[in-house]
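Undergrad: The listed protein sequences derive, respectively, from chains Z and A. Residue numbering for the first sequence follows the working numbering, beginning at 242 and increasing consecutively. Residue numbering for the second sequence follows the working numbering, beginning at 9 and increasing consecutively.
Calculated from the structure, these hints are not laboratory results. Where a beta carbon is used, it is the ideal one built from N, C-alpha and C, also for glycine. Be a bit skeptical, because a hint or two may be false.
Under 7 Å between C-beta atoms, here's a sample of chain A residues computed to sit facing chain Z [to be verified]: (1) P27; (2) L92; (3) S126; (4) I258.
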Amino acid sequence: MSGGQNIVTSWSLIRAFTILIYLFMFLPVAVVVLLAFNANQFGSFPMEGLSLRWFVELWNNDAIVRAFKTSVLLGSLTAAVSTTLGVLTSLALVRYDFRGKGLITTLMIAPILVPEVVLAVALLLFLRWLEMPKSFPLLLLGHVIFTLPFVVLIVQARLVAVRRDYEEAALSLGANAFHTFREVTLPLIMPAVFAGVIFAFTISFDDVTGTLFWKPGGVETVPTQIFAMLRNSISPEINALGAVMVVVTVAVPLLGVSIARRMAAALR
Amino acid sequence: MSASDVDAPGARPWILMSPALAAVAMLLVIPVCFIAVYSFWLRTAVGSEQVGFYLDNWIEVLTDPFYRDILFQTLRIAAASTLLCITLGYVPAYFIARSTTRHKAVLILLLMLPFWISYIIRTMSWINILGVSGALNVFLLWLGVISEPMQILYNEGTVILGLVHFLLPFMILNIYVSLDGIDGNLVDAARSLGCTGWQAFREVTLPLSLPGLAAGSLLCFVLGAGTYITPMILGGPRDAMFANLVFETIITQLDWPLGSALSLVLLVVLGSVVMLYSRFAGIGQLAKSFR
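Working from the sequences, and respecting the hints, build out all of it.
TA: What follows is the structure, given as structure tokens:
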């Protein structure tokens with residue numbers, strides 16, 4: 242039958258196409274990382290050897306170091322608040338039956354259904370009307386609201402898979418609801434809680450759309466700092482900052498995933 | 009979940025949800041209602057706004073051809089990006105779903121990576137590739153194909169390119185989730201009944217993957233149509249999208265009532281796309297990629 246031959250060739254075509262698409266997705270980012278090590282003073286091709294000078298300049302650039310600190314602080318606070326709210330909500334949505342559950346579920350994921358620009362404008366103008374100006378707390382509130390749905394979705398998915406029996410056993414042995422949560426439910430959903438923290442942190446760390454609306458003058462996060470620097474021209478410093486950003490936003494989740502896996506394996 | 013799995017209704021779920029509900033109400037629902045009211049106020053010459061019921065902003069937004077043209081341009085750019093994502097994304101999704109090698113886990117992990125790699129970095133990375141002193145121009149100059157650098161960037165094409173680069177992983181992931189859920193026996197059955205490979209794909213696999221394709225398209229379209237960063241970085245002055253108008257009006261011109269009206273237009277247009285989708289497919293499909 243000639244079919245076998247055809248399947249082999251069409252499969253290799255499919256594979257070749259897939260490789261091309263993956264190259265398309267990753268090559269530009271690889272170029273950023275490569276150029277970050279460029280010794281050439283304009284940061285463009287052709288490369289004139291490898292150098293760490295741009296990273297040294299980043300380290301000595303107060304504005305960038307400040308932006309980095311702001312981003313880390315904002316991301317950590319966002320992750321803490323968002324995950325706490327998200328876990329409580331998931332517990333209510335999965336473990337209890339009440340009227341209007343469908344509506345509440347929709348409401349909880351609404352922040353990602355509404356375009357981020359609209360969310361940004363609405364929150365900014367509403368809080369301004371309440372005489373709360375652009376500030377770090379506003380930035381934090383904004384980041385919490387658009388990371389919350391992701392945490393809820395992740396924790397909910399895990400909670401559905403945790404059998405109710407364990408909790409009932411604890412309850413029947415005399416633990417109260419809070420103890421049951423702390424000693425039984427929380428350890429079982431820990432991988433998802435952890436994933437939620439990582440997700441919220443990374444989304445917050447990377448956000449630029451809402452942040453440009455909410456940030457007070459003079460405060461920059463890493464992405465808005467890059468955005469401001471792009472206004473002038475692309476410099477090797479941006480590439481170096483980009484490389485750092487790639488490492489943070491990729492290494493943190495990868496580390497998180499492997500820790501979460503280990504946690505999940507330990508539970509088995 | 010059976011009825012016995014859950015507690016009798018009581019105050020507890022509401023207590024648990026109250027902080028998050030308060031957050032969504034105070035930070036999303038009420039603010040959106042607020043800008044709906046705000047859009048009927050007027051900005052006065054001195055900069056403060058005049059409370060009242062004025063239709064001026066809405067008349068301007070709905071009748072000025074400038075806004076209408078940019079809205080159409082936005083929808084066109086988002087649609088073109090979505091179509092390109094479908095064209096480029098289906099085959100890799102199919103490859104990942106069908107591959108049985110140990111590369112599969114790596115491919116999926118790699119697919120998740122772009123979600124983590126900063127959006128702004130991925131967008132600006134194209135300047136390094138296509139810019140006047142970017143990789144492509146340097147390479148072509150070195151080859152001698154061109155004698156001076158070409159201006160490739162800063163047009164609608166590069167905006168679409170940037171969007172496709174940003175959105176493609178969403179599309180591939182959604183199609184993959186759908187394809188991976190297809191029972192392999194169905195394809196085998198079709199083949200044993202005499203279908204050719206292509207027929208089996210067209211009659212069995214493709215229709216069964218449509219939910220993922222639709223979910224991916226919705227995400228790509230809505231995310232693409234709501235962006236203002238990509239046109240700012242990769243577009244020229246004439247390639248503004250609707251969200252750029254909102255940004256300009258709010259941040260630069262400080263005309264908040266007009267900006268509110270513009271935001272609501274974007275919300276209504278994209279909201280009706282989401283509604284239309286959820287009527288046919290249900291929002292549940294979108295949550296599947298989190299499992």
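Undergrad: Just pull the numbers of the violated hints for me, sorted ascending.
TA: Violated: hint 2 alone.
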